[in-house]
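Participant: If you want the building blocks of each chain, they are given just below.
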Amino acid sequence: MKFLRQTLAIAAKDLRSEIRGKEAVNASVSFALVILLLFSFAFDLEPAVIREIAGGLLWLIFAFAGTLILNRSFARELVNDCLDALLASPVSGAQLFFGKCLANYVLIVIVEGISLPFFVIFYDVIPQRLALLFLVMLLGTWGITVIGTMFSAMTVNLRLRELMLPTLIYPMLIPALIGAIELSRVLITGAPLADSLFWFRVLVAFNVIFTILALALVEIVLVG
Amino acid sequence: MRLKIIVTLSVLAGAILAWNLHRIFLQVPDEASQGAIFRIIYFHVPAAITSFTGFYIAMFTAVGYLIRRDLRLDSIAASINEVSLAFATITICTGSIWGRIIWGIWWTWDARLTSYFVCLLIYFGYFMLRRAIDDPTTRARLSAVLSIFACVDIVLVWKSIEWFRTQHPGPVLEIRGGGGMAPGMESPLWWNFLAFLMLATALVLIRTRQEAMRLEIDALRRYANAF
Amino acid sequence: MSPQNFNFMFYGFTVAWLIIIGYVISIALREKKLRQELDRVKRMVEENEQANTRRRP
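Residue numbers (the numbering used here), protein chains in the order written: chain Z, 844 to 1067; chain U, 3 to 229; chain L, 2 to 58.
Each hint should be verified, as a subset may be incorrect.
[Said to hold, decoys possible] Lysine to aspartate or glutamate pairs mimicking DMTMM-like chemistry, simulated, CA-CA at most 25 Å apart:
| # | chain 1 | residue 1 | chain 2 | residue 2 |
| --- | --- | --- | --- | --- |
| 1 | L | 34 | U | 218 |
| 2 | Z | 845 | Z | 1038 |
| 3 | L | 34 | U | 220 |
| 4 | U | 161 | Z | 895 |
| 5 | Z | 856 | Z | 1062 |
| 6 | L | 43 | U | 164 |
| 7 | L | 33 | U | 213 |
| 8 | L | 33 | U | 188 |
| 9 | U | 6 | U | 136 |
| 10 | L | 34 | U | 188 |
| 11 | U | 161 | Z | 1038 |
| 12 | L | 43 | U | 188 |
| 13 | L | 43 | U | 136 |
| 14 | L | 34 | U | 137 |
| 15 | L | 43 | L | 32 |
| 16 | L | 33 | U | 164 |
| 17 | Z | 856 | Z | 967 |
| 18 | L | 34 | U | 213 |
| 19 | L | 34 | L | 48 |
| 20 | L | 33 | U | 136 |
| 21 | U | 6 | L | 48 |
| 22 | U | 6 | U | 137 |
| 23 | L | 34 | L | 47 |
| 24 | L | 33 | U | 220 |
| 25 | L | 34 | U | 164 |
| 26 | U | 6 | L | 40 |
Read the hints as simulated data drawn from the structure, not as lab findings.
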């Protein structure tokens, strides 16, 4: 219970700070819209073909826009030595990490929630099974958040932080991204879901394995 | 003593490779559909297995560092990863050439090649991370954690790309088809694997000594600057 | 041995050998550079120590 209470306190702190400033969410949503625009020039195709690749486009947008929020996650604590203060506090590394994970998750889901209607309108793609698509979004986003927050903690003290984070996390995220892309494609095009249930298992397995691994190792990364 | 081990391993590896090349070119018959090019499998597959073995041994060495905090274990882990990366590059290049012959294109998003490419990217990131950190202890700590994440992730990457390719079939680089290869054709593969392992061990020993030298240089520099 | 694809098989083996040889050469070059730097730093430390002992008679 104490674990959860302190974790939620950290998450609430991050969310409150972000809601007051709105910097990361604004930048992230703008970035997502810019990518949508660029994709419209890059992929000028018939509606049927667009529907086939819509799953891929959607998750590329989510992954790129999410990185902006993940980058700031630990970097915002460097000012005024806040990170040292947090590490010296009774909050354990795992609680700090999990709290930030929860905050990042909420923020990225907000960005996705704002981008999805634009995507639907711009590309004339009406998802057939919206509830399942939201479930896929929630599952996939947790994978991105866990890996992204972990590597944000790892790269927080490096000079080339903004360069290194995307380079490190995108190859790691490939199983989750493939799963999310495949499920989204099936849900958007209306293909039978039965063949693709494997990908739900991949997403869940990815999330569970890396959440446990991250919680186990984050103390070593943050403290030593 | 160490130098003797390195030289012995290298010479043995060279001897096995030379003897094997003789077998591969003169004794093993051509494969029915692919002709002479299939012989490249005798470099492609052993290099692949060597690099994968290396990555996982490096992960266990990295875990050893996290438990015992001995910087020598970190040097060993980094050296093994670097040598494995070289062998992974060989795997991808020979696979690409093989694909050029079989399918006429320089790159096929075949499951194995794609997974290897992801592997390559992850470990490029590993070495980028190592270069970005100056302090040896922090570098060892963070690259150990990254190594653990990478090795767990590679399993998932492999399986998910394989499954993706069964749903979206594309060109496949495969020699076996249904069962295994004919018995006479398979043994040079394992001999080459042994030779590659010995070569890799020799290279790792050399690299580990270089890493130890680098640590010594850093320590001496700090000592010199202290006065 | 059939002449089919013989050229490309030759290229394949050549590429593999070139990568191995290239890597070994890069290791050898690094070794030389590290030895030079180690000698230089050792000399620097010795000079520092001699300067210190001269200053404290």
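Participant: Compare the structure with the hints numbered earlier in the document and write down the numbers of the violated ones, lowest to highest.
Facilitator: 2, 6, 8, 9, 10, 12, 16, 17, 21, 22, 25
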